[in-house]
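As they're listed, the protein sequences go chains A and B.
Per our numbering: the first sequence = residues 1129 to 1242.
Per our numbering: the second sequence = residues 903 to 1015.
Some clues are possibly wrong.
[Said to hold, decoys possible] Calculated from the model, a selection of chain A residues having no Cβ within reach of chain B, i.e. all distances over 10 Å: (1) Asp1136; (2) Glu1148; (3) Val1185; (4) Gly1190; (5) Arg1197; (6) Arg1205; (7) Pro1242.
[As the list claims (entries may be wrong)] Simulated DEER-style distance windows between Cβ atoms: (8) Ser969(B) - Asp1182(A): 38 to 44 Å; (9) Ser971(B) - Lys1196(A): 41 to 47 Å; (10) Arg997(B) - Ser1154(A): 26 to 32 Å.
Derived from the structure by calculation, the hints contain no laboratory data.
Here a beta-carbon is modelled for each residue, glycine too, at the ideal position from N, C-alpha and C.
Given next are the chains, with one letter for each unit.
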Amino acid sequence: AQSVTQPDIHITVSEGASLELRCNYSYGATPYLFWYVQSPGQGLQLLLKYFSGDTLVQGIKGFEAEFKRSQSSFNLRKPSVHWSDAAEYFCAVGAVYNFNKFYFGSGTKLNVKP
Amino acid sequence: NAGVTQTPKFQVLKTGQSMTLQCAQDMNHEYMSWYRQDPGMGLRLIHYSVGAGITDQGEVPNGYNVSRSTTEDFPLRLLSAAPSQTSVYFCASSRQTSTDTQYFGPGTRLTVL
Chain A
1129 AQSVTQPDIH ITVSEGASLE LRCNYSYGAT PYLFWYVQSP GQGLQLLLKY FSGDTLVQGI
1189 KGFEAEFKRS QSSFNLRKPS VHWSDAAEYF CAVGAVYNFN KFYFGSGTKL NVKP
Chain B
903 NAGVTQTPKF QVLKTGQSMT LQCAQDMNHE YMSWYRQDPG MGLRLIHYSV GAGITDQGEV
963 PNGYNVSRST TEDFPLRLLS AAPSQTSVYF CASSRQTSTD TQYFGPGTRL TVL
C-alpha cells in the first residue's frame, strides 16, 4: 500500500532563512506527488504537483520541490521564508492505478521567527 | 463564485445522535470527496464521488454514509455518532479525479460527547 511520511512534526525557521520540508513516499511505481498548505483555521491549498518530466517543479508563493526517485523523496524548499508562510504543510500521493484514491502525510507545522 | 462551501462550521453531538454535514460546490466539478483531519494523522479520505449517482469508499468509511444526487452537492451522514468521530471534516472538489487540483472547503469542527 502507498504511504507518505513527513518526519518533521514541527519546524521553526527565522524570517529570511531557507526552508526544506521533508517528504518520503512508499509506492511500487512513481506516484503523483503533491504539496498542500493549510493556513490556520483554513482549508487546504495546492502549492505544487509532480506527475512526470522535470524533477524540479515550481509552485506558487515561491515554493519548489524536487522529486528524487532513488531516495523516494519529494522535499519542499523555499530560499527565503516570509512570516506569512507560517502554516501546516502536507505532502500527498495520488495513486497512479486509481486516480480517485488520495493519501496525505501527517503534516509539518512551520513556525517563522521574526 | 463561492467555491466549496460547508455547513455547519461547528457542531456538538451526543453519542448516538445523527446528523448531516453539507457540502456544495459551484465549479461544475465531477470529483468530490470528504476527509477527516485528526492531530498527527493528516487528512484521511472517507468517501468520494466521481459524478452524480456514483460514490465509493475511501480509507476510513466506517460510520459514514454519502450520496450524490446532483453535481453540486455531496452530503456526509453520520447515522449514530461516536466519540471517535470527533474531528475536523473537510469537503473538497476537483475537475475529474483526486489528482486534479483539489479545492477545499473551510471545514466543519465536530465534537461528539
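Quick rundown of the hints versus the structure:
no., hint, result
1, Asp1136, "holds, 12 Å"
2, Glu1148, "holds, 19 Å"
3, Val1185, "holds, 14 Å"
4, Gly1190, "holds, 18 Å"
5, Arg1197, "holds, 18 Å"
6, Arg1205, "holds, 20 Å"
7, Pro1242, "holds, 26 Å"
8, Ser969(B) - Asp1182(A): 38 to 44 Å, "holds, 41 Å"
9, Ser971(B) - Lys1196(A): 41 to 47 Å, "holds, 45 Å"
10, Arg997(B) - Ser1154(A): 26 to 32 Å, "holds, 27 Å"
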